[in-house]
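Protein chains in written order, with the working numbering: chain B, 1 to 387; chain P, 1 to 397.
No lab work stands behind these hints: they were computed from the structure. For each residue, glycine too, the CB sits at the ideal point set by N, CA and C. Hints may contain errors.
[Said to hold, decoys possible] Calculated cross-link-like contacts (lysine-lysine; reagent style DSS-like; alpha-carbon spacing at most 30 Å):
no.	chain 1	residue 1	chain 2	residue 2
1	B	K266	P	K184
2	B	K153	B	K138
3	P	K395	B	K266
4	B	K259	P	K395
[To be verified] What the simulated footprint calls covered on chain P by chain B, stretch by stretch (three residues with Cβ under 8 Å from a Cβ of chain B suffice, anywhere in the stretch; the number is not a length):
no.	region
5	233-246
6	378-386
[Stated by the list, open to error] Which chain P residues stay away from chain B? Per the calculated CB distances, all over 12 Å, these:
no.	residue
7	E26
8	P134
9	D152
10	N157
11	Q159
12	A312
13	D354
14	Q361
15	Y366
16	K395
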Amino acid sequence: MEFELNETQRLFQRSARELFAQECPPTLVREMIEKNQPYSDAVWTKLVEQGWTGLIFGEEDGGLGLGMVEMAVAFEEMGRALVPGAFLSTVALAGPVIEKACSPEYRSARTQAICEGRSKATVALLEESASWKPDDVKLAANTSEGGVRLNGKKYFVNDASVSDLIITVARAGSNLVLAFVDPRSPGISIKAMPGMDATRSLSAVEFNDVIVKEDDVVSDGAKARDALDHALNVATLALSAEMVGGMEWLMEASVEYAKTRKQFGKPIGQFQAVQHHCANMLLMTESARSAVYYAAWMMGNNPEEAPLAVSMAKAYASDGYREVGNLAVQVHGGIGFTWDESVHFYYKRAKASELMFGDATYHRERIASLVIDRAGEPAKAVSEAAD
Amino acid sequence: MDLNPTPEEQRFRDEFRGWLQANIPEGWDPSGFHDEDSRQRFEFLRAWQKKMYEAGWVGIHWPKEYGGRGASLIEQTIFIEEMARAAAPPIINVLGVSLLGPTLIAYGTEAQKKRFLAKIISADEIWCQGYSEPNAGSDLAALRSEAVLDGDNFIVNGQKTWTSYGHFADWCFAVVRTDPDVPKHKGLTYLLIDMHSPGVTIRPLKQMTGDSEFNEVSFQNVKVPVENVVGKVNGGWEIAIATLMFERGTLGASLQITFKRQIERLIELSRKIVRNGRPASEDPIIRQRLAQICTEIEIFRLNQLRTTTRMAKSGVPGPEGSIQKIFWSEMNQRMQQVAMEMLGPWGQLTKESDYAIDHGQWAHAYLRSRGNTIEAGTSEIQRNIIGHFVLGLPKSY
Numbered sequence: 001m002e003f004e005l006n007e008t009q010r011l012f013q014r015s016a017r018e019l020f021a022q023e024c025p026p027t028l029v030r031e032m033i034e035k036n037q038p039y040s041d042a043v044w045t046k047l048v049e050q051g052w053t054g055l056i057f058g059e060e061d062g063g064l065g066l067g068m069v070e071m072a073v074a075f076e077e078m079g080r081a082l083v084p085g086a087f088l089s090t091v092a093l094a095g096p097v098i099e100k101a102c103s104p105e106y107r108s109a110r111t112q113a114i115c116e117g118r119s120k121a122t123v124a125l126l127e128e129s130a131s132w133k134p135d136d137v138k139l140a141a142n143t144s145e146g147g148v149r150l151n152g153k154k155y156f157v158n159d160a161s162v163s164d165l166i167i168t169v170a171r172a173g174s175n176l177v178l179a180f181v182d183p184r185s186p187g188i189s190i191k192a193m194p195g196m197d198a199t200r201s202l203s204a205v206e207f208n209d210v211i212v213k214e215d216d217v218v219s220d221g222a223k224a225r226d227a228l229d230h231a232l233n234v235a236t237l238a239l240s241a242e243m244v245g246g247m248e249w250l251m252e253a254s255v256e257y258a259k260t261r262k263q264f265g266k267p268i269g270q271f272q273a274v275q276h277h278c279a280n281m282l283l284m285t286e287s288a289r290s291a292v293y294y295a296a297w298m299m300g301n302n303p304e305e306a307p308l309a310v311s312m313a314k315a316y317a318s319d320g321y322r323e324v325g326n327l328a329v330q331v332h333g334g335i336g337f338t339w340d341e342s343v344h345f346y347y348k349r350a351k352a353s354e355l356m357f358g359d360a361t362y363h364r365e366r367i368a369s370l371v372i373d374r375a376g377e378p379a380k381a382v383s384e385a386a387d
Numbered sequence: 001m002d003l004n005p006t007p008e009e010q011r012f013r014d015e016f017r018g019w020l021q022a023n024i025p026e027g028w029d030p031s032g033f034h035d036e037d038s039r040q041r042f043e044f045l046r047a048w049q050k051k052m053y054e055a056g057w058v059g060i061h062w063p064k065e066y067g068g069r070g071a072s073l074i075e076q077t078i079f080i081e082e083m084a085r086a087a088a089p090p091i092i093n094v095l096g097v098s099l100l101g102p103t104l105i106a107y108g109t110e111a112q113k114k115r116f117l118a119k120i121i122s123a124d125e126i127w128c129q130g131y132s133e134p135n136a137g138s139d140l141a142a143l144r145s146e147a148v149l150d151g152d153n154f155i156v157n158g159q160k161t162w163t164s165y166g167h168f169a170d171w172c173f174a175v176v177r178t179d180p181d182v183p184k185h186k187g188l189t190y191l192l193i194d195m196h197s198p199g200v201t202i203r204p205l206k207q208m209t210g211d212s213e214f215n216e217v218s219f220q221n222v223k224v225p226v227e228n229v230v231g232k233v234n235g236g237w238e239i240a241i242a243t244l245m246f247e248r249g250t251l252g253a254s255l256q257i258t259f260k261r262q263i264e265r266l267i268e269l270s271r272k273i274v275r276n277g278r279p280a281s282e283d284p285i286i287r288q289r290l291a292q293i294c295t296e297i298e299i300f301r302l303n304q305l306r307t308t309t310r311m312a313k314s315g316v317p318g319p320e321g322s323i324q325k326i327f328w329s330e331m332n333q334r335m336q337q338v339a340m341e342m343l344g345p346w347g348q349l350t351k352e353s354d355y356a357i358d359h360g361q362w363a364h365a366y367l368r369s370r371g372n373t374i375e376a377g378t379s380e381i382q383r384n385i386i387g388h389f390v391l392g393l394p395k396s397y
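Sequences and hints are given; from them, build the entire structure.
Here it is in structure tokens:
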């Protein structure tokens, strides 16, 4: 038993950190935010060149075939560098849907396009109810000649404006279906939903009699549901890892600032009130990291039991990133409230990430349903290494 | 990263699990609630430790030559998990096994190891810790109990407080001042004091729970032979700190036992207790609270696994133990508040009440948890340690 990154994983982490320091430095992130451009072709091209878009896809489709722990490490580094763009939605959300829901040929074609950098994809799930529960999906998929006809509206779709594939979760009677939609199809209109986190793009997508042909629809309800559940777990894990990276950046920046900023003739980091804020940031960051690494391990090794670990990671990281953000601004004082200091970029990312794929309350309810509602079984609140 | 056990680790787990199944005494109440201070409980636990010792299950992390199994830190973790799973009674001589034993193995003389170690794991000699004093709590190095050399003996005078197990203890590992004329950290010596010596007086300290887990111990002209010095005279601070690191490193791990049992019991209770006309387990607010505690207990376990992995490589417990100390103590206070909230007016009832749920354990645990952020280094001191030694912030004192 060994609960830490192994040598290969640490090397991967180092090279990722170097890659982003080089290709997505803070100056570029700031420029993108200030120009309101949450996507950069240059950064995407670099990621493709490094094979990153194939991170978790099979080698037979041109991917790197890495595991969930490596994926978590990758996202942690991206969160630390605040990398903007369509990576999360393409690789960790749409990718796993494609892998689980599609026939081998279809999957191969789609994932190869992603690996080679020809395609960016996303999933459209949320509607006006803003519910992350697939059961609440209402967007209608009516049978039409040779396929389905979509009518309705999706909100908070990540990166829809730069994607060439929008996997749309829709309802055909009691069945969930997944429609693989080309956003250039007639009847689709996409409208930006600018939020406080300018490193991510959110869109409202309206479907007016959009025809999707049969080959592009996963109409087996159970299969669609399984694929979506799986993808949401992978994406939630990836996002939680990203959040840990952001927490770590905020903590390090605050500690550094506390060592250099002087008041009353000494570094503010010499005052216990400030030290204790920093200690709390470390505690939350490391605890979130433990939860994320464990969830990643479980996703790769015990997927049946992994949803509990994933929800624990996201619930903790959601509260933790926000709170670390609060403390970071506080430690930075007035400087932390200015536009010119980068703390607020992370502070905003923390809020946006908290709300994505279910906030802490949503995930705690999922935890409750997993640990409290096992009717007739003795309570089993905490998993154990060897059951 | 590999959370799967190696075949050896699995064998170790199976062996210990099998032994526990066959040996946990009849009548042991897995809800774990007993009078903390009762003599009867003490004798029961001493007998239990003896039984474990005879089968080789005490001090497993000690080297084989001293009666241990040379168990790795991972095996220690497995040991703790299995104790938890079986809801086994705890080890009574925990201060000896977890703190003094490793300290003596690292710093003691051969004669000291020979004299003391075996009786620690066999529970023949129970140990207490003589650190805190009425005027030296967080600022431990300010302690004033003094030891003056007189021929082959030190003569010890002074007072210790917050001494757990003091009323059952045969021996005390204590830090005393041997040179008042040098800076405070430099004049301290680590002494092993026979609690049955003339001049030792023990007075139970009654705490807010009504129990007396702790004691005040006073030393009046107590003779301690010089061979009972651990390390060097005036070199006690380093050893005292090493012992504290063992405290923060390994005592924390065994707490999972209590927390896991308690949250599982709370979940069971939530199905029975009616709140707003339905089982508490269906109340959205209670569900949120229980889920949060489950999450924190799980993260506590995972942090511990990470710390263990790191310690297994570096060989020494580090200041990261402070994170765990803060984590569990504050988490336990939140858990006990959740229990109170869920149980409503019933939660306040003590064991004296015929109507108390679980014999009043929740009222007791609620009060007891208040001490958690103070004992074994206050949360403030732990945060200072993190600030100074982990984050490298300038020292504030």
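Report the numbers of all earlier hints that the structure fails to satisfy, in ascending order.
-> Violated hints (numbers, rising): 5, 12, 16; every other hint is consistent with the structure.
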